[in-house]
Amino acid sequence: MQQLSYFELVGFGPNGWGWALLTAAGMTIAVAICGFLAGSIVGTLVAWGKIGGNLVTRSLADGYTTILRGIPDLLVIYLFYFGGSAALGAIGSLFGADGFIGVPAFATGAMAIGIVSGAYQAEVFRGAYQVVSRGEIEAARSVGMHRWLLFRRIIAPQVLRYAIPGLGNTWQLVLKESALISVTGLVELLRQSHIAAGSTRRPFDFYLTAAVLYLLITWVSTYLFQRAETYSLRGMRRAS
Amino acid sequence: MDFAFMRDAFLTLIGGVPLTLNLAFMAVGLGAILAMLLALMRMSGLKVLDWPAQGYVFVFRGTPLLVQIFLIYYGLGQFRPVLQEWGLWTFFREPYWCAVFALTLNTAAYASEIIRGGLQSVPYNQVEAARACGMSGFLLFRRVVFPIAVRQALPAYGSEIILMVKATSLASIITMMEVTGLAAKLISQTFRAVEVFIVAGLIYLILNFIITRIIMAIEWWLSPHLRRPPAVEPRLEAAHV
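In order, the protein sequences belong to chains A and B.
In this text, residue positions in the first sequence follow the UniProt record's numbering: the first is 1, and each later residue adds one.
In this text, residue positions in the second sequence follow the UniProt record's numbering: the first is 1, and each later residue adds one.
If we strip away everything but chain B, and leave its shape as in the complex, we get (with noise of 0.2 Å):
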């Protein structure tokens, strides 16, 4: 084990860290907006919402990724000129704005279904109990129905925000220089996959780790019900003199 070219290796593939988190985030959050419609076309319990919502879903969810990468990056280009007339060539030519857009799709199916699990775990009674002190509408909506779906989904939610750190390694087959990517550019240079493998691993393990942390704290700030009470400061007057 070269300990010297691994340190090395290292300070190459840190440098895609930025892309691989940019590219993460967008994804995550322009596509928790198209999930959270998703969801909400799910549950209107109107057919014609319904039913295009649950084809998405299975679509995005029943093909591979790298499928829907090549459709948006190469398959679009059949269309060039439509695109071209449309003016939204110049968005769809750039690796990085069809990988954006892949990755959003795809996460907005999957996230899709966890918003649903979470918006139907809200036990109805809250609801009643908030419609008996006259909320209704969005005010309902947002000081019950979604405080107490964020807290249930949280968890699953973070699972799927680590999928996609992982799924942006994809990325690097359109050309992104993210972490995988510069990673297969050092091996196919030097040859080393074992080390390069260790340190670009590694480099995810990290990221992945403070992720999971960080949703961590979230979900404990978000549940103060589940948390032990502090402890009472015993009085050191006594009470009745």
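Only chain A is shown next, with the shape it has when bound in the complex (with noise of 0.2 Å):
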């Protein structure tokens, strides 16, 4: 058998794997933005838990955390992977069925990314809250503004703009944790790579186009995050 060049075999052609990476990169892409939603929203809860509760509250946030940050996100995919389908399956049984359920692969990784990305978020969400000057919450109490108008009005702007830098940083991470979802089978870039690479026995190759992608992906976004930055300051004074 003759030895494909490197090009046919991650170009688009009959025997090239070009379509099926791109679509991984497309899933890899896709996982990753509803795992960074999902943890955003974990993010501004634990946030509010740590500025606005009381002790109860706040050590929970504090815990959650400390416990997040602190344990690999494998073991928290795992956790995910086979304890959700053990639910599952305990719930199916209650209807009869019985035998194992797997949940799916998507939701399970993006439900993990956003758990521990929720973690980083709050911590981000928090110091951004910091920096919102303690005037503009009182000038907004006293023309009469209530709690949810407060928040959308003048905290929920501010805490984003100072934020973004953070967020920046979450997306890489989520984006690189995005790869440890492959574990559970979900196709994505890795995931498709492995294939691909077993299929052909040219691992190198294909964990190396891999890793051109996800540089290609962080790259666009780095981009797309300063831009954001950029737009969001628009209107300040900058100390120079």
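Since the hints were derived computationally from the structure, they do not count as laboratory data.
Careful, some of the hints might be misleading.
[Claimed, not checked] A partial selection of chain B residues facing chain A, derived with a Cβ cut-off under 8 Å: (1) Phe70; (2) Lys166; (3) Ser169; (4) Ile173; (5) Ala183; (6) Ala193; (7) Val194; (8) Ala200; (9) Tyr204; (10) Asn208.
The model shown is predicted, which means the values in this text are computed figures rather than measured ones.
Just so it is clear, CB atoms sit at the ideal spot from N, CA and C, and this is done for glycine as well.
Got two chains here, separate frames each, mind docking them using the hints?
Here is the structure:
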């Protein structure tokens, strides 16, 4: 059998894996975005618990961020993957279905990423909230704004503005963490490369391609976050 | 919650701790040397040295660690005849060395930026003062620049070490039986994900807690100037009799 050249292998020809890899890269981005958004919701709630809550919510939120940042992400993914199917199996057996019920890998992955990145985002949001000027919040109260309106009009826009650099870092973490989802069988970029490497016996070529695609995604998203940061600061006076 | 099972699981998983720590310390130790080199390359002011180091950091920080591990463990197998010829195959055949190698390359990229930040934070007047006393070259680096840089970089380096302890869990994917590897095996044998997760998580938390404390102790030891001065004992005898 004649050896295919590298470009035939990862190209879009009859023997090429190009489309498969691109689709898988799309899946990586999709699962990372879903996980990141889930993490934003978790992070907002946890940050709220840390800032505005009482002793109980504060210690719960502190415990959450300490624990999730102290254990490997892979363990969390295993918990969701195996634990999720065990829980579904238990629920299923109530309705008379028996045997193993698999949780959709995409949902497992997005949830696991959300739970982990939520801990990081909570710290980012908390740090950003501390920068919002107390006077503005007082002013909003004095004109009679209620909690939700105050949050929507005053706090959220400013926290987001200060949080963009930190969120950018978290996004990079999420993107790299999404590679771990491949252990659950979700066909994202790394999993697809693994499959291709197995069937062509050219592991180096495929993992290298995967690495390049990851770099590309990182690079583009760094650029987008920078654009967002400049845009969000357009009305601010620079200290310089 | 089955506590008898959790105790057994704890006893099983604790067997993976030596390997976890071994991987983490090998990677951090070897990575620190490489990171120092990279940081010096970036600060050399020579483009020939600066650019490769910058590219290295970009590549290793921009790709997932798991991809790097696979690239080394599975990917290099593609060049097996060449590696055998060079006598490197015995090294790249072993999952342990592949894991150490990948973790080292990865942590070096992150650590080099931390070290560079530390070196750059050394106030220039300290260097000037040292030069005025006649220090230069290695002596200046060893006595003035390096100690100040280490103190500055230590907190960030501490979190990098914690990240590395967590990152060793990825070695379980290439068959290393450290804590996460044992946990995954135990989960697939018993299907008790929650209990095993709690026990394994607890082990990692304890490890990381101890490491954090050690780093805090080193930080305290390195910054005597920030400590409150010891209270002066009042003299018992009158000063002038």
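Tested hints:
Checking Phe70 of chain B against chain A: minimum C-beta separation of about 5 Å stays under 8 Å; hint holds. About 4 Å separates the beta-carbon of Lys166 of chain B from the nearest beta-carbon of chain A, less than 8 Å, and the hint is met. Checking Ser169 of chain B against chain A: minimum C-beta separation of about 4 Å stays under 8 Å; hint holds. For the restraint placing Ile173 of chain B at the interface with chain A, the shortest Cβ-Cβ distance is roughly 7 Å, inside the 8 Å limit, so the hint holds.
Hint status for Ala183 of chain B relative to chain A: holds, with the closest Cβ pair at about 7 Å, below 8 Å. The beta carbon of Ala193 of chain B is positioned within 8 Å of a beta carbon in chain A (closest approach about 4 Å), and the interface hint is therefore held. A hinted interface residue such as Val194 of chain B counts as satisfied when its beta carbon comes closer than 8 Å to some beta carbon of chain A; here the least separation is about 5 Å, so the hint holds. The criterion of a C-beta within 8 Å of any C-beta in chain A is met by Ala200 of chain B, whose closest approach is roughly 6 Å, and the hint holds.
The interface hint given for Tyr204 of chain B holds, since its Cβ lies 5 Å from the closest Cβ of chain A, which is under the 8 Å cut-off. Because the beta carbon of Asn208 of chain B sits about 5 Å from the nearest beta carbon in chain A, less than 8 Å, this interface hint is met.
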